[in-house]
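Trainee: The task is simple: from the sequences and hints, build the whole structure.
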Amino acid sequence: MQRNKGHTQELGDLIQIPIQEAGLFKESILGILDLIKVEDCNRVQQEYIKNIYRLLEYFSKSE
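For the sequence shown, counting from 1, position 12 maps to 12 in my numbering; every step adds exactly one.
Hints should not be assumed to be uniformly reliable.
Said to hold, decoys possible - Within a straight-line C-alpha distance of at most 16 Å, the following computed EDC-like cross-link-like pairs (lysine to aspartate or glutamate) qualify:
hint, residue 1, residue 2
1, K50, E39
2, K37, E21
3, K26, E57
4, K50, D40
5, K26, E39
Read the hints as simulated data drawn from the structure, not as lab findings. These figures come from a predicted structure and were not determined experimentally.
Mentor: Here it is in structure tokens:
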């Protein structure tokens, strides 16, 4: 870990996923999220969902 301007940033190997697999992961995660009723989730679960959407944004950029 390296401290930089107040942000903790982990340095190391990047995960490289082939575009086709990234698309499959994205579609699978979207299918699961489709089944979740956000209004029924507690605060912790909502944070998990936000993190998953960030991951989906990353997948979208790598396609």
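Trainee: Now tell me if each hint is right for this structure.
Mentor: Consistency of the hints with the structure:
no., hint, verdict
1, K50 <-> E39, "holds, 14 Å"
2, K37 <-> E21, "violated, 27 Å"
3, K26 <-> E57, "holds, 9 Å"
4, K50 <-> D40, "holds, 15 Å"
5, K26 <-> E39, "violated, 22 Å"
Checked against the numbered hints given earlier, this structure breaks hints 2, 5; the rest are met.
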